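J.: In terms of the numbering used here, the sequence shown has 8 at position 8, counting the first letter as 1, and numbering is strictly consecutive.
I should point out that these hints are in silico values taken from the structure, not numbers from a laboratory.
The model shown is predicted, which means the values in this text are computed figures rather than measured ones.
Incorrect hints may have been included.
Okay, the calculated beta carbon distance ranges per label pair [as the list claims (entries may be wrong)]:
| hint | residue 1 | residue 2 | range |
| --- | --- | --- | --- |
| 1 | Ala302 | Glu206 | 46 to 54 Å |
| 2 | Arg307 | Gln78 | 46 to 54 Å |
| 3 | Glu206 | Asp184 | 20 to 28 Å |
| 4 | Asp102 | Glu318 | 25 to 33 Å |
| 5 | Gln274 | Pro110 | 50 to 58 Å |
| 6 | Pro282 | Asp176 | 56 to 64 Å |
| 7 | Glu247 | Tyr290 | 27 to 35 Å |
| 8 | Lys178 | Gln274 | 45 to 53 Å |
| 9 | Ala104 | Tyr285 | 50 to 58 Å |
| 10 | Asn353 | Thr99 | 24 to 32 Å |
| 11 | Gly126 | Glu318 | 26 to 34 Å |
| 12 | Ser117 | Ala239 | 40 to 48 Å |
| 13 | Leu284 | Pro354 | 30 to 38 Å |
Pairs of lysine-lysine, DSS-like flavour, derived with a Cα cap of 27 Å [what the hints assert, rightly or not]:
| hint | residue 1 | residue 2 |
| --- | --- | --- |
| 14 | Lys119 | Lys186 |
| 15 | Lys183 | Lys215 |
| 16 | Lys122 | Lys101 |
| 17 | Lys186 | Lys122 |
Just so you know, even glycine gets a beta-carbon here, dropped at the ideal spot from N, CA and C.
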Amino acid sequence: MYKNISKYVLILTGLIVLIGITSSCAAREPASSTTTAAIIQPPTQTAAEIAPPPTSTPTPMPAPSPTSAPFLDPAALQNMTYLLEIIAQALPDSDGRVTLKDGAFEQLYPGAAERISIKQIKEARGDLNGDGLEDAVTLLAISTGGSGIFMHLAAVVNEGGVPRHAATLLLGDRVDVKSLAIKDEKIQLKMITQGPEDPMCCPTLEVSEEYQLLKDQLVTPEQGEVLPLAESAIRALEARDMDALAELVHSSAGLRFSPYSFVLPEHQVFSREQLPGLLADPTLYTWGNYDGSGEPIEMSFADYFDRFVYSKDFADAEQVSVDQRLGLGNTIDNSHEFYPEAVVVEYHVPGENPDYGGMDWQSLRLVFQQQEGAWYLVGVIHDEWTT
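Please take these sequences and the hints and turn them into a complete structure.
T.: Written out as structure tokens, the structure reads:
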């Protein structure tokens, strides 16, 4: 019996030893390729640890959402201030400035029963100066108390949403504007005006016109070609550069100088070749007759230049017009009759001395005519108040 117990003990002891040896060997062997994913899964990484390395080109920022361009208020033209020469003449104390209310203005003349009135007729909107903003033009019908109704075309530019009256053009008396539009920075209109045989009351002539806004001037395409030449001429006169002035004169037509607004054939004409040396020329020339006394104007060119050419700082004149007289005196302005189909650019300096009531104004008109397909300076006309 005891022998059998000893045999069982020996067998059990052997089994225990065998199991221990097997476990020890298993612990020293590498993990099998069939080990489950739960055992080999790496630790979880954060977003910063798995993000791709930065590149040399930065990631662009998202573009800001576009904002709308400044626009003109729908009622802007009906309630803004305009600067009008016709108002300056009718109401001197106004300095020509008048503010519309709901598209109209009306005021009695001082001490009179007659009144001056303005009414906005129609408008058109579009870009006038190429800046991408909405500008506008409007028609102003102006009555100064008589039978005339003077139609003016006014250009208004958009300066960051603020309207500014930039230029005005007189279209005529009692004309009927049928259409008004802005296209490709040009103002296009169709109107009925007086023909050669029409009375002022009853126009019948249909015309189409095109204008552009150039340096705060409403000009036709032809006038737009002349304005840069006029700028060159006035700067040459400012600098007393007769060589530069001569370059603007036709080789055979010459340049006429007139001391007052009424141009006469006998006024002095100098050739392109003569102009450069005139300021140093001591010759006394007869330029016409003095206003008032009628005495002959006998001067050297240098003296005439100071008195009847660049007598004011015309290069920086407050007012500039094209084919529209600014200085109004007693002497007739016959420039367009004397120079047919010419373009006349006027530089106007208003009166400065209050003792003279504005009558000490002066103007210089530069006359250009087209010859052989190009524009040339043909006349220099001085103008001032005359008796």
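J.: Next, verify each hint and record whether it holds.
T.: Each hint, compared with the structure:
Remark: the range hint 46 to 54 Å for Ala302 to Glu206 is upheld by a beta-carbon distance near 52 Å. A hinted range of 46 to 54 Å for the beta carbons of Arg307 and Gln78 is consistent with their spacing of about 47 Å. Here the CB-CB span from Glu206 to Asp184 is close to 23 Å, well matched to the stated 20 to 28 Å. Separated by about 31 Å at the C-beta atoms, Asp102 and Glu318 satisfy the suggested range of 25 to 33 Å.
Checked against the hint of 50 to 58 Å, the C-beta distance between Gln274 and Pro110 comes to roughly 52 Å, which is consistent with it. For Pro282 paired with Asp176, a C-beta distance near 58 Å keeps the hint of 56 to 64 Å intact. Checked against the hint of 27 to 35 Å, the C-beta distance between Glu247 and Tyr290 comes to roughly 32 Å, which is consistent with it. About 50 Å separates the C-beta atoms of Lys178 and Gln274, a value consistent with the hinted range of 45 to 53 Å.
A beta carbon spacing of about 54 Å between Ala104 and Tyr285 agrees with the range 50 to 58 Å that was offered as a hint. Range check, Asn353 to Thr99: about 29 Å between beta-carbon atoms, so the 24 to 32 Å window is met. Separation of Gly126 from Glu318 is about 29 Å and conforms to the stated range, judged on CB atoms against 26 to 34 Å. For the hinted restraint 40 to 48 Å between Ser117 and Ala239, the CB-CB distance of approximately 46 Å keeps it satisfied.
Distance hint check for Leu284 and Pro354: the Cβ-Cβ separation is about 37 Å, which falls inside the suggested range of 30 to 38 Å. Distance hint between Lys119 and Lys186 is fulfilled; the C-alpha atoms sit about 24 Å from each other, no more than 27 Å. Annotation: proposed proximity of Lys183 to Lys215 holds, straight-line Cα distance about 18 Å (limit 27 Å). About 15 Å separates the Cα atoms of Lys122 and Lys101, which keeps this hinted pair within 27 Å; it holds.
Under the criterion of a C-alpha separation no larger than 27 Å, the hint pairing Lys186 with Lys122 is consistent with the structure, at around 17 Å.
Hint check: no violations occur; every hint is consistent with the structure.
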